[in-house]
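Asks: Listed below, chain by chain, are the residues.
Number of protein chains: 2
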Amino acid sequence: MKKYVEVYDYFKKLIENGALKAGDRLPSIRNACNILSVSKTTVQNAYFDLLADGYIISVDKSGYYVTEQKSISEVKCEAKPERQILYDLKSGDADEESFDIKLWQRYIKSALRSQGRLLSYSEVQGEADLRQALSDYIREKRNVTASPDRIIVGAGVQWLLSVLCSLVKDRKTVSFPDKSFVQGMSLFEDYGYDVHTRYKDADIIYVSPSHMTAYGDVMPMKRRLELVDYSEKTGSIIIEDDFDSDFLYQSKPTPSLYALSANDNVVYMGSFSNVLIPGIRISYMVLTQELAKRFEASKHKFAQTASKTEQIALCQYIRDGHISSQTRKVRRHYTSKARLLFDNIKKEVPNAAVTLGDNGLRVLVSCDFSGEISDFEKNKISVSVIKFEDGKITLSLTPSAIKECDIPKAVVVLKSILN
Amino acid sequence: MKKYVEVYDYFKKLIENGALKAGDRLPSIRNACNILSVSKTTVQNAYFDLLADGYIISVDKSGYYVTEQKSISEVKCEAKPERQILYDLKSGDADEESFDIKLWQRYIKSALRSQGRLLSYSEVQGEADLRQALSDYIREKRNVTASPDRIIVGAGVQWLLSVLCSLVKDRKTVSFPDKSFVQGMSLFEDYGYDVHTRYKDADIIYVSPSHMTAYGDVMPMKRRLELVDYSEKTGSIIIEDDFDSDFLYQSKPTPSLYALSANDNVVYMGSFSNVLIPGIRISYMVLTQELAKRFEASKHKFAQTASKTEQIALCQYIRDGHISSQTRKVRRHYTSKARLLFDNIKKEVPNAAVTLGDNGLRVLVSCDFSGEISDFEKNKISVSVIKFEDGKITLSLTPSAIKECDIPKAVVVLKSILN
Numbered sequence: 001m002k003k004y005v006e007v008y009d010y011f012k013k014l015i016e017n018g019a020l021k022a023g024d025r026l027p028s029i030r031n032a033c034n035i036l037s038v039s040k041t042t043v044q045n046a047y048f049d050l051l052a053d054g055y056i057i058s059v060d061k062s063g064y065y066v067t068e069q070k071s072i073s074e075v076k077c078e079a080k081p082e083r084q085i086l087y088d089l090k091s092g093d094a095d096e097e098s099f100d101i102k103l104w105q106r107y108i109k110s111a112l113r114s115q116g117r118l119l120s121y122s123e124v125q126g127e128a129d130l131r132q133a134l135s136d137y138i139r140e141k142r143n144v145t146a147s148p149d150r151i152i153v154g155a156g157v158q159w160l161l162s163v164l165c166s167l168v169k170d171r172k173t174v175s176f177p178d179k180s181f182v183q184g185m186s187l188f189e190d191y192g193y194d195v196h197t198r199y200k201d202a203d204i205i206y207v208s209p210s211h212m213t214a215y216g217d218v219m220p221m222k223r224r225l226e227l228v229d230y231s232e233k234t235g236s237i238i239i240e241d242d243f244d245s246d247f248l249y250q251s252k253p254t255p256s257l258y259a260l261s262a263n264d265n266v267v268y269m270g271s272f273s274n275v276l277i278p279g280i281r282i283s284y285m286v287l288t289q290e291l292a293k294r295f296e297a298s299k300h301k302f303a304q305t306a307s308k309t310e311q312i313a314l315c316q317y318i319r320d321g322h323i324s325s326q327t328r329k330v331r332r333h334y335t336s337k338a339r340l341l342f343d344n345i346k347k348e349v350p351n352a353a354v355t356l357g358d359n360g361l362r363v364l365v366s367c368d369f370s371g372e373i374s375d376f377e378k379n380k381i382s383v384s385v386i387k388f389e390d391g392k393i394t395l396s397l398t399p400s401a402i403k404e405c406d407i408p409k410a411v412v413v414l415k416s417i418l419n
Numbered sequence: 420m421k422k423y424v425e426v427y428d429y430f431k432k433l434i435e436n437g438a439l440k441a442g443d444r445l446p447s448i449r450n451a452c453n454i455l456s457v458s459k460t461t462v463q464n465a466y467f468d469l470l471a472d473g474y475i476i477s478v479d480k481s482g483y484y485v486t487e488q489k490s491i492s493e494v495k496c497e498a499k500p501e502r503q504i505l506y507d508l509k510s511g512d513a514d515e516e517s518f519d520i521k522l523w524q525r526y527i528k529s530a531l532r533s534q535g536r537l538l539s540y541s542e543v544q545g546e547a548d549l550r551q552a553l554s555d556y557i558r559e560k561r562n563v564t565a566s567p568d569r570i571i572v573g574a575g576v577q578w579l580l581s582v583l584c585s586l587v588k589d590r591k592t593v594s595f596p597d598k599s600f601v602q603g604m605s606l607f608e609d610y611g612y613d614v615h616t617r618y619k620d621a622d623i624i625y626v627s628p629s630h631m632t633a634y635g636d637v638m639p640m641k642r643r644l645e646l647v648d649y650s651e652k653t654g655s656i657i658i659e660d661d662f663d664s665d666f667l668y669q670s671k672p673t674p675s676l677y678a679l680s681a682n683d684n685v686v687y688m689g690s691f692s693n694v695l696i697p698g699i700r701i702s703y704m705v706l707t708q709e710l711a712k713r714f715e716a717s718k719h720k721f722a723q724t725a726s727k728t729e730q731i732a733l734c735q736y737i738r739d740g741h742i743s744s745q746t747r748k749v750r751r752h753y754t755s756k757a758r759l760l761f762d763n764i765k766k767e768v769p770n771a772a773v774t775l776g777d778n779g780l781r782v783l784v785s786c787d788f789s790g791e792i793s794d795f796e797k798n799k800i801s802v803s804v805i806k807f808e809d810g811k812i813t814l815s816l817t818p819s820a821i822k823e824c825d826i827p828k829a830v831v832v833l834k835s836i837l838n
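Same order as they appear, the protein sequences are chains A and B. All letters in the first sequence, in the order written, are residues 1 to 419 by our numbering. All letters in the second sequence, in the order written, are residues 420 to 838 by our numbering.
Everything labelled a hint here was simulated from the structure, so no lab data went into it. Mixed in with the good hints there might be a few duds.
EDC-like cross-link-like pairs, simulated, lysine to aspartate or glutamate; straight-line CA separation at most 16 Å [to be verified]:
| # | chain 1 | residue 1 | chain 2 | residue 2 |
| --- | --- | --- | --- | --- |
| 1 | A | Lys172 | B | Asp609 |
| 2 | B | Lys588 | A | Asp190 |
| 3 | A | Lys12 | A | Glu68 |
| 4 | B | Lys480 | A | Glu290 |
| 5 | A | Lys40 | A | Glu68 |
| 6 | A | Lys61 | B | Asp555 |
| 7 | B | Lys421 | B | Glu487 |
| 8 | A | Lys61 | B | Asp739 |
| 9 | B | Lys591 | B | Asp613 |
| 10 | B | Lys591 | B | Asp568 |
| 11 | A | Lys141 | A | Asp320 |
| 12 | B | Lys588 | B | Glu559 |
| 13 | A | Lys21 | A | Glu96 |
| 14 | B | Lys588 | A | Glu189 |
| 15 | A | Lys299 | B | Asp609 |
| 16 | A | Lys301 | A | Asp136 |
| 17 | A | Lys169 | B | Glu608 |
| 18 | A | Lys109 | B | Asp468 |
| 19 | B | Lys720 | A | Glu189 |
| 20 | A | Lys169 | B | Asp609 |
| 21 | B | Lys591 | A | Asp190 |
| 22 | B | Lys806 | B | Glu791 |
| 23 | B | Lys480 | A | Asp136 |
| 24 | A | Lys61 | B | Glu559 |
| 25 | B | Lys718 | A | Asp190 |
| 26 | A | Lys13 | A | Glu68 |
| 27 | A | Lys172 | A | Asp203 |
| 28 | A | Lys346 | A | Asp368 |
| 29 | B | Lys834 | B | Glu791 |
| 30 | A | Lys301 | B | Glu608 |
| 31 | B | Lys459 | B | Glu425 |
| 32 | B | Lys480 | A | Asp320 |
| 33 | B | Lys591 | B | Glu608 |
| 34 | A | Lys415 | A | Asp343 |
| 35 | A | Lys169 | A | Glu290 |
| 36 | B | Lys720 | A | Asp190 |
| 37 | A | Lys380 | A | Asp406 |
| 38 | A | Lys301 | B | Asp609 |
Starting from the given sequences, assemble the full structure and let the hints guide the process.
Replies: Here is the structure:
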């Protein structure tokens, strides 16, 4: 065993058996060297790992102190003390079982080794090899054919939309048929657009065909063809945010608008937060040929926002085929949890109308309700309230973050609130 | 030694001694298992590391192939084949010697271990513990006193400016006295602002007191006081981008505008790309109390853009005091390179007027020039041309990316072009 691991274990044991209590100060690094007859580096490394694992904290100019030893995972979460939710049916966060974080960690570690690349700024448009991998991936997966020079990488869809806004200055109205994407709508408002929620009558139409509503309606084929037809006749730009398309319940996802359109008028967008881990911010958009030319001409106006390390890691992750297998795994997991939630509510809350969202990831519940919206948080359960009027409430429930074993318990709580 | 390391070494040796040549295909994973009598996982791990180290590439559905073995670092850079520059005096990229990438890698690895946090989306405003660490850091370092709830974290200054634009909708004119920050200027233009470059006469004034011009002028104390006074009288907002302040040549940096102002009208911004590694995109801004309230009220309009892993890593990196030591190291390195460049040009190109920029990081060269701007690239040297008219050229040279030993050679090339 390495020396510093021994030192780490030594202090860990003292903390765990209570010999060192919360608030106790550890010996200074110099003192620890003397006490344990080891080098300064050894102690530093050991303290570093104790810090990383939440056993101690470092206080500026004072030293190292033992933390409260509730459980390590709680200590880690100190950053979010406000969250007192036991049953999360709202956030869309991920659960531990669905994600192979270890695998992702390996790719990050590998990316960190490419020192030469990390020393320079990221390419404005996104790393070239990542764009090539994305180009291959969306061609195979969604029949979206676009060369890498039409792909822009960025930290999140909202940022990409702001780049787009800057490129299409001649347009005035935008439509967001799904009213729930507030971040997109307010961005266009800030850019001076007239924003409405009808399906047509707009220079730009933002749709998310696999996630049309908060509870996950999927746009039917007929509607897709109509929309493509409309945009071809009027010259409107369609922004197709392919959010959740990977997660469709049906075995065959419906074709992308991009693939359906014969003209150069669909901007295609995708994201990886929901198949990798939510903390990763890498999205991409495929510009039309016209807009790609404009981007090329005004490249100096933009800076890359996505982490270069994560771009390098994602590129290799995609090349090695992990996105597809990871997607299948997450989908299987999430849809089975949604099904379980659906079944449980049907059984426990028989007077409610329960629907499983089209995409199989969300459950919609409608019933009479005489309580208050704050009742949910008071009972430590978080839900999205879609509608609450005339004594009737409609909830959208997303069971991605909750553990499977907690679903029956969450439904018992729901039942007590709704009845 | 671990089994997979043996397999890794086995193939590495075959590649290095030429038994496996560029383009040769490696045995499939299954075949390699049989040949070497090891498990599938062992081969996979070995191939993974060969990939990571650039010895092989993986071709979709075909297999693993040996790469061109020029040198590993060249192979890694395949993503940027277009860059044929030998002497980089322009990019502001970092050099290997200045950055302790290994140290940063450790913090990233440690952050990757906090699984619980990585499974949820990042806080819109930035991770709470990072904001606390930033608050402590800027108070101590720049006398900027602001509670964490006034700090917004995001991927780059441009993104943060777009958040700011969204918060201050009632203002119409903005001034960018330093004309070189195109990304900022065009952003405000996109938001419908009237943008000019005078020092005053604006609702918002963007200044970068430690980097006032492309060659690094520092704003003198008198001018700082005047500006603060002006903004207090007129109610203008000052955006103080403290870019490069860490790098000031003088032993004592001049005080921040934020600290000089008694009123609530300075938005303070900072960034870490230049003290960590350029590929990291984490910046922050301190909002005025008024704007912080507006942000709180419109939080739902924004999404976090910075990588959560990197936010967690940076938080601990700051807490452990590495920013300060790293800054000192980088500054020492860069200013000594700038001084060397300055001395060499003075000696070799005696007819040029040479100045060392105020901040000690850039060198300004003016002289007669009868050639063309493309001459520089043709000679594989990159420079920023500040001005070229009437047979006279002015260059700004940034020696951060170039190796110390290459500076004399670069000056010989410069001399041949300029004479």
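Asks: All hints, please: hold or fail.
Replies: Checked hints:
1. Only pairs whose Cα atoms come within 16 Å are accepted, and A:Lys172 paired with B:Asp609 is accepted, the gap being roughly 13 Å.
2. For a cut-off of 16 Å, the pair hint linking B:Lys588 to A:Asp190 stands: about 8 Å separates their Cα positions.
3. At roughly 13 Å between alpha-carbon atoms, A:Lys12 and A:Glu68 fall within 16 Å of each other, so this suggested pair holds.
4. At most 16 Å may separate the alpha-carbon atoms for a hinted pair to count; B:Lys480 and A:Glu290 exceed this at roughly 33 Å.
5. Under the criterion of a C-alpha separation no larger than 16 Å, the hint pairing A:Lys40 with A:Glu68 is inconsistent with the structure, at around 26 Å.
6. This hinted pair checks out: A:Lys61 and B:Asp555 have alpha carbons roughly 13 Å apart, not beyond 16 Å.
7. Between B:Lys421 and B:Glu487 the CA atoms are separated by roughly 27 Å; this puts the pair beyond 16 Å, and the hint is violated.
8. Our distance criterion of 16 Å between C-alpha atoms is met by A:Lys61 and B:Asp739, whose separation comes to about 10 Å.
9. This hinted pair checks out: B:Lys591 and B:Asp613 have alpha carbons roughly 6 Å apart, not beyond 16 Å.
10. Restraint check for B:Lys591 and B:Asp568: the C-alpha separation of about 27 Å exceeds 16 Å, so the hint is violated.
11. The suggested pairing of A:Lys141 with A:Asp320 holds, with an alpha-carbon distance near 15 Å, which does not exceed 16 Å.
12. For the hint pairing B:Lys588 with B:Glu559, the CA-to-CA distance comes to about 32 Å; that exceeds 16 Å, so the pair is violated.
13. The hinted pair formed by A:Lys21 and A:Glu96 fails the criterion: a straight-line CA distance of about 30 Å is larger than 16 Å.
14. Annotation: proposed proximity of B:Lys588 to A:Glu189 holds, straight-line Cα distance about 11 Å (limit 16 Å).
15. As the CA atoms of A:Lys299 and B:Asp609 are separated by approximately 15 Å, the hinted pair is consistent with the 16 Å bound.
16. Between A:Lys301 and A:Asp136 the alpha-carbon distance is near 28 Å, which puts this suggested pair outside the 16 Å criterion.
17. Restraint check for A:Lys169 and B:Glu608: satisfied, since their Cα atoms lie roughly 11 Å apart, inside the 16 Å limit.
18. Taken as a hint, the A:Lys109 and B:Asp468 pair is honoured in the structure, with Cα atoms around 10 Å apart against an allowance of 16 Å.
19. A hinted pair counts as satisfied when its Cα atoms are at most 16 Å apart, and B:Lys720 with A:Glu189 qualifies at roughly 11 Å.
20. About 8 Å separates the Cα atoms of A:Lys169 and B:Asp609, which keeps this hinted pair within 16 Å; it holds.
21. Restraint check: the Cα-Cα separation between B:Lys591 and A:Asp190 comes to about 13 Å, which is no more than 16 Å; the hinted pair holds.
22. Of the pairs offered as hints, the one joining B:Lys806 and B:Glu791 holds, with about 12 Å between alpha carbons and a cut-off of 16 Å not exceeded.
23. Between the alpha carbons of B:Lys480 and A:Asp136 the distance comes to roughly 12 Å, so the proposed pair stays at or under 16 Å and holds.
24. Restraint check: the Cα-Cα separation between A:Lys61 and B:Glu559 comes to about 12 Å, which is no more than 16 Å; the hinted pair holds.
25. Between the alpha carbons of B:Lys718 and A:Asp190 the distance comes to roughly 15 Å, so the proposed pair stays at or under 16 Å and holds.
26. Restraint check for A:Lys13 and A:Glu68: the C-alpha separation of about 15 Å stays at or below 16 Å, so the hint holds.
27. Between the alpha carbons of A:Lys172 and A:Asp203 the distance comes to roughly 7 Å, so the proposed pair stays at or under 16 Å and holds.
28. With a C-alpha separation of about 15 Å, the suggested pair A:Lys346 and A:Asp368 falls inside the 16 Å cut-off, and the hint holds.
29. Taking the CA atoms of B:Lys834 and B:Glu791, the gap is about 14 Å. The hint holds against a cut of 16 Å.
30. In summary, the hint linking A:Lys301 to B:Glu608 is supported, as the alpha carbons are separated by about 11 Å, within the 16 Å threshold.
31. A C-alpha spacing of about 14 Å is found between B:Lys459 and B:Glu425, which places the hinted pair at or below 16 Å, so the restraint holds.
32. A threshold of 16 Å between alpha carbons decides the hint, and for B:Lys480 with A:Asp320 the separation of about 10 Å falls inside it, so the pair holds.
33. Among the hinted pairs, B:Lys591 with B:Glu608 is consistent with the structure: their alpha-carbon atoms are about 10 Å apart, no more than 16 Å.
34. Under the criterion of a C-alpha separation no larger than 16 Å, the hint pairing A:Lys415 with A:Asp343 is consistent with the structure, at around 13 Å.
35. A distance of roughly 13 Å separates the Cα atoms of A:Lys169 and A:Glu290; the hinted pair therefore holds under the 16 Å criterion.
36. Distance restraint check for B:Lys720 and A:Asp190: the Cα-Cα separation of roughly 11 Å lies within the 16 Å cut-off, and the hinted pair is therefore satisfied.
37. At most 16 Å may separate the alpha-carbon atoms for a hinted pair to count; A:Lys380 and A:Asp406 meet this at roughly 13 Å.
38. A threshold of 16 Å between alpha carbons decides the hint, and for A:Lys301 with B:Asp609 the separation of about 11 Å falls inside it, so the pair holds.
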